[in-house]
Amino acid sequence: MVEVKLENIVKTFGETVALKGINLHIEHGELFTLLGPSGCGKSTTLRIIAGLDYPDSGTIYFGDEEVTYLPSHHRGAVLVFQNYALWPHMTVFDNIAYGLKIRKVPKEEIKRKVEWALDLVRLKGFEDRYPTQLSGGQQQRVAIARALVVEPKVLLLDEPLSNLDAKLRLEMRSEIRRIQRELGITVIYVTHDQEEAMAISDRIAVMNVGTVEQVGTPKEIYETPRTEFVASFMGKTNVIPAKVVERNGDKVTVEFENFRLDGLTYTGEKDNVVLVIRPERIKLKPGENTVALEGTVDLVEYYGFFVEVVGIFGETRMIARTISDREVANLKPTSPVKFYIDRDEIIVLPKQQL
Amino acid sequence: MGASKWSERIFGTPLPDPVVIGSFLFPLLYLIAFLIIPVLVMLANAFVYNGRPSLFWFKSIFQSSYYFNPLHPQGSFVTTIEWGGKTVYYFSGLDFGVVVNSIIVSISVMILTTILGVTFAFVMARYDFPGKNIMRILLFVPLLVTPFVNVVVVKKMFLPNGLINWIFYQHLHLFPHPIWIDGLVGVVIAQSITYYPIVYLNAYASFINIDPTLEEQAENLGSRGFHLFRTVTFPLALPGITAGAILVGIFSLEDLAAPIVFQGSAIAKKLMSYQIYSSFVSGFAIGNPQMAALALVMLTIALIMFLLVRWYVGMRQYAMLSKGGRWKPRVAKPKGWQAIIIYLLVIPTLLLTIFPQIGVILLAFSQRWYGTWPEGFTLANMKALLTQPDIANVIRNSLMYSTAAIVIILLLSLTASYASGRFKKAKLAPVLDSLATIPIAVPGIVIAMSYFFFFSTVPPFKGTILDPTNLLAFFPGAALILAYSIRRLPFAARSISAGIQQVHVSLEESALNLGAGRWKALTSILIPLILLNLLGGAMLSFVYCMSETSVGITLGSINSTWYPITAKMRELIMGSVGSANLAAALGVFLMLVQIIAIVLANVITKQRYSFIGLT
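For the record, the sequence lines run as chains A and B.
Just so we're aligned: 122 in numbering that gives the first Met the number 0 is position 123 of the first sequence, and the numbers increase by one with no gaps anywhere.
Just so we're aligned: 183 in numbering that gives the first Met the number 0 is position 184 of the second sequence, and the numbers increase by one with no gaps anywhere.
Because the hints were derived from the structure by calculation, they are not lab data.
Where a beta carbon is used, it is the ideal one built from N, C-alpha and C, also for glycine.
It cannot be assumed that every hint is accurate.
Stated by the list, open to error - Example chain A residues on the side facing chain B (calculated, C-beta under 8 Å, incomplete):
1) His88
2) Arg102
3) Val149
Could you build all of it, start to finish, from the sequences and the hints given here?
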């Protein structure tokens, strides 16, 4: 158990810059997630922490010890691979015992520890099976047991749920969370699934083309995204290009299409902005501090316990998500509609080149 | 501890690791020491005249009509002669000079083997007919390599009283007169029959690997029959077919068995391979720089063919573009005229092409063979394998040399495939990759010639057991083991790199990550996982070491105590009455070794026997 620090990590593959100076500080016993679309550099970051790749420049610390160029086998940051990388020629027992045998742990103790690990991942009795005789979820548990049994300083998980079906994914997600809490171990977790990241993490680093855009708790990332990318990556959201036309301290008035919204909070320099509005924060009834947008209904999508109403405002489409009730049920395409949004729920961010 | 830029650039890993560096350097240095430098030493000899750098020896080749006479060919392709009171069409071929003859023979063999190989492959890949399984087994027969003696049988087949005339002149009356194929034409026919399985295997694999939906789509758009074959099927299979054909061209260029067997006709000697060989055996001309120059001409032609095909096949990787997975190949029942062609043309031709192997067995179990068929059944030749001291001795020698070579080959191909397969970013990786496959394009006689110059002139080896001019101490076995280990390396290397490619790199990475060093990860993860490929590659290389000819009958035939099998076979077929039968017995022994190895390899690795090829 250790804190992990990355300072100015740069990595290039040939001509492409994979990481453009990554800084991260991961605390003791934290479940920390690297989240981003494919190609954003999250897996490269993980491999660099594991010691399977080396950065071109920058430094990595485990606690006070610098480990930047320490070979993987001396590092104690154990990676669970996306494809699990179980050795097909070894039994479950031998797979898990491998790291212990290398550490020259006495036989009796190996047996005890492997049993402990199998117990932890709830696979007791599977010692003599071969990996091919296990289901996907069981294979993953073996991979996790194999990593945990050597008592790693940091456990690294690379898209651990991506090869599992939807139901198993939910089950393994809470399983990983349970094991992490039980052992109090530092875990660095890589995923491209924002929902998975929010459910499992203590903190998240959102990455985009080789840079970290924002680090924070799931709530911070979701509610106060600091960039347009983070806002649009974290779930379905409305991102509306707009222009600042008036400033008054930290309050601004913006315009888009024929709409003029005043009293929004923005301190950035650029006048080209985007308005980020979460669909569930849009109401169909007026409130105290709301602005109103008048348009027509384009589509009503029924999801069961909630409904999404797609409205057209000039050329701009916006989605509102609301509990289905009688009033919403009467909405039809082309019928007029008013979207009400609390001014404090409209996040104004500088326009980003995406 | 810091990273190092040079280590990353050269070895593909920023942390210099002894296992990685060793895996690069061992095969690299070995190939440089026993392939590149010997060839360079020979090259140096070819470019020196009277102690000065000169093109003299090359001029002496290209200005002599004996070697180079492309415009005024001598002799006639076919003549009529009297033979035993009958008029006979005698085919021997035109003489364009040694260099041009070799090229013409090579191209002719490429064309004939392509026609045979592609036809058989297409029939096997696309048609389902009664007797197909028998044909499948029969197609396995010509793969068996029996140096010299199969050419002896081919020569007998095409004599005026041979099998061909027995069928087509005597019984079917298709020829107005008997034919007699000899000289360069005989060499072309013998090589074509020997080497067409290489084209067949490549073409068959290519046809089988074509995604059926590509052809179905073409049919769906209205293409049928020959048009479909010409526009879709054949272009998709072409890279594989070309690779096989070029390999055959190189093998033809370096082949010694056919010219030696046909040397009764003087024109058959006018080939580059034979000329270099004969300078070796005639002894006094052994260090002749003109022959070094000729060897370089031959090497250059072979290398150009090899590099062209690598470039071409590399460009046209689309044949492999389709997603993986097995599909049901498109097979159809042959329609009327197709069935007629298959039963009346294709299968009879196949039977003729496997006759050499059958003939070798007949020869081994008979006392003499003068006419159409051998006579006098006997087990004496087969018994001699165990009882006749000189025969048992060459078997022992060959087993010893081949086993030793296999150990080296396994070490070389494992390290080379590991280094170039796992550290692809390294600058050395493509170098090593090319070096490990290039021996396929280096004619054996060129290696023999290079070793002669190298070991007899370069200090650390001069005067040692490797120095063939040091007659008292020279141990041919050492030179043979080195030559085998270079010449047969590509076969094992190919099998092992295929194995390494199939093992996902994360399996080793997770071992490293869990605390294993490179050595431990290699021995506990990678090697156990590719064990079958190692065994398959080892057996394949072993088989081809046992039947290696060019170096065996040159460097290997300097001292009869240390003859390998092929040196003895060459001596026997040139020897007295009945000794060819003994050579055939050795051929049968080699066939047995091959059958056992191939069956074992198939059982163990469950792979098809499509192991010969460039790609």
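The hints, checked one at a time:
With a least beta-carbon distance of about 5 Å to chain B, the hint placing histidine 88 of chain A at the interface is held under the 8 Å criterion. Nearest Cβ of chain B to the Cβ of arginine 102 of chain A: about 6 Å, under the 8 Å cut. The hint holds. Below 8 Å, beta-carbon pairs count as interface contacts, and valine 149 of chain A has one with chain B at about 6 Å; its hint therefore holds.
Figure legend: structure checked against the earlier numbered hints; every hint is met.
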